[in-house]
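Asks: Take a look at the letters that make up each chain.
2 protein chains.
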Amino acid sequence: MSIIADPVTEETLGAREARQPSSKVAYFGPDEPLRLDGGRTLSPFHLAYETYGELNADKSNAIYVCHALTGDQYAASPNPVTGKAGWWSTLIGPGKPIDTDRFFVVCANVLGSCMGSTGPASTDFETGMPYALALPVLTIPDMVRAQAMLIDRLGIDTLFAVIGGSMGGMQCLQWTVAYPSRVFAALPIATGARHSSQNIAFHEVGRQAVMADPDWHGGDYIQHGTRPHKGLAVARMAAHVTYLSEAALQRKFGRNLQDRDKLGFGFDADFQIESYLRHQGMTFVDRFDANAYLYLTRAMDYFDIAAEHGGRLAEAFRQTKTRFCLVSFSSDWLFPTEESRAVVHALNANAASVSFVEIETDKGHDAFLLDEPEFIGAVAGFVSSAAKARGLVR
Amino acid sequence: MSIIADPVTEETLGAREARQPSSKVAYFGPDEPLRLDGGRTLSPFHLAYETYGELNADKSNAIYVCHALTGDQYAASPNPVTGKAGWWSTLIGPGKPIDTDRFFVVCANVLGSCMGSTGPASTDFETGMPYALALPVLTIPDMVRAQAMLIDRLGIDTLFAVIGGSMGGMQCLQWTVAYPSRVFAALPIATGARHSSQNIAFHEVGRQAVMADPDWHGGDYIQHGTRPHKGLAVARMAAHVTYLSEAALQRKFGRNLQDRDKLGFGFDADFQIESYLRHQGMTFVDRFDANAYLYLTRAMDYFDIAAEHGGRLAEAFRQTKTRFCLVSFSSDWLFPTEESRAVVHALNANAASVSFVEIETDKGHDAFLLDEPEFIGAVAGFVSSAAKARGLVR
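These protein sequences, in sequence, are chains A and B.
In terms of the UniProt record's numbering, the first sequence is residues 1 to 394.
In terms of the UniProt record's numbering, the second sequence is residues 1 to 394.
Simulated from the structure, these hints should not be mistaken for lab results.
The beta carbon of each residue, even a glycine, is placed where N, CA and C say it ideally should be.
Possibly wrong hints are sitting among the right ones.
[Claimed, not checked] Footprint (simulated), chain A over chain B, 3 or more residues, beta carbon under 8 Å:
hint : region
1    : 192 to 201
2    : 231 to 239
3    : 244 to 251
4    : 263 to 275
The shape of chain A in the complex, shown without the other chains (with noise of 0.2 Å):
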């Protein structure tokens, strides 16, 4: 009756994917640690990145983009795992608002993820056996350390910008706050300068959905030769109806049945809705790793802007340069408005130049990663107007 078959001991694409990157790499080795605000230290690691376009000669034309909770570096070409364009290829191409032929873009994987970065599947060599849970457990702050570390390596002083959805908007926001004067203009997009109490409610719900299956061996599935993939499929099931709104739901699905015309009066999938999540849980845990999703649900629960400047938001921003644009959706109950609001008080506070645009949608938290004429168009002036004032005009 579960919609994952048992037992799951076969290599996944998205496994291999995560032990052998096809994208470019970064290895970071014992002469340069990361140090962790855990107070532990990561040493070697490596961040799997791809990037489109060419830097230009005087290096002032970079993006870094930061993805969000499951996504992957694979922002703007097809991703090798599930074959599908990249997730933002709405917004970053040739003669797209992020203009590949004028900018240089990169993403990294984030660190603790799957994708081909070290991550909690990713072999610790002190050990020669996957780290699994002795992973120190990792933060926004320290995904951004080790971009920027990234970023150093590729030779580049500032960025042009940062941009970033969700937890893609708080490595975008904590880029400003760890490195003010090396960010020119920023995007945090449906986001927050802090994770909700509901949206921790949420993430407690899918690591224990994770922890509750017994194929996750206290973590160390993978030397027991299984995978928690019926946990992990209920955790992508309870976290995508946040992703989306009532009113999109409403409208996509209704009570709308699944390929018959009346009530089954049985557990099988009766309504759309149903179905449509029952794929959403098996696809997902093809491409992603279960402990991945428990470290990287913890980076997004820690994240507390204002907590690491004792308690005051606006305090985080007083050295900022950048000039911000702040993007969130009306209908996105995962970051509302008012989370935006906040960060644009704080900015405010601080005289920065910054704009916000609330774009009115039913789509939901998952707007940022649709074809939403609004939203790309608010993207592509402001990204216009900041390569104005950065002189990158041809």
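Starting from the known structure of chain A, arrange chain B on it as the hints suggest.
Replies: Same frame as chain A, now just chain B:
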């Protein structure tokens, strides 16, 4: 790491109560089969119920109380499993808005549940084994049809009132639709005339969590001597988030840490909200049957009054003589005010007697179970004026 220790084999207090209820029990034998919406009949079956107060001579003072998804018949008396006060003690008792010195209150455990009424954990007399998934899938109208048989058995023709919140509100509405001349007054609270796509989605997540637990054994866990407690705990955690509101979570828990003064950098419960949710999951499994959870969530998903009336909700209430008071809560995102308003419009289209109160509160869906003075006052006022209209005032 999971919040539920394994293996769980001993009979819980809840399971014992399902088998041998402390309540009064009404048995309906082979001569009184229950016709089910799915096309089958259920026979024999039984309902465990509680009563409070005395039925008056002309049997005109009976109030039927419908409980919610995980509620039970102990509306106004201590629950034998949890030892806690009745779940609606705020509302029902001597001198309370539903005054048991004046009214005869009946509350039965719904069909399909696990506090002594026939449900999936009950014995199927044809096989001598627990029904498990062999129990026909039940609907809200099925539950109400069984309740009407209980009311017949008690010799009551017309109920003075029917009241219920959430799934109880669905039953309350169904009572007025199925028995338009047997309900003098109705109080459907925090409910709707159909289950929304988003609500079906959350229920499906919970069901998948249960069914993903290997201890579920395709529903036959009783024979296997196991219980899918881990899956059921996850289902409860996911559902519990939807019973609250973001504002309530922020106010009660915020990002406060639990029993620690800094982040733990691990996967234990760092935040109070995590600890709270884990507690909700852990305690629920002691009192609730996993298959009953599947059956009752399914019944709610199937509920759609309009669909049974050619898609026109107003048509369902064409014959109504009942006076209605609908109550919604401003921060309830499971059954938002619009769902109540749709019922009010349908009643207005029939020139029915209807009042409607939206209670301003940040406590979310759960508010109907809490001591919300404005809500309690609204119920008291409506019940007392209905009693006057019914000639029940001493």
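Asks: Which numbered hints turn out to be false for this structure?
Replies: Going through the list in order, the structure violates no hint and respects every one.
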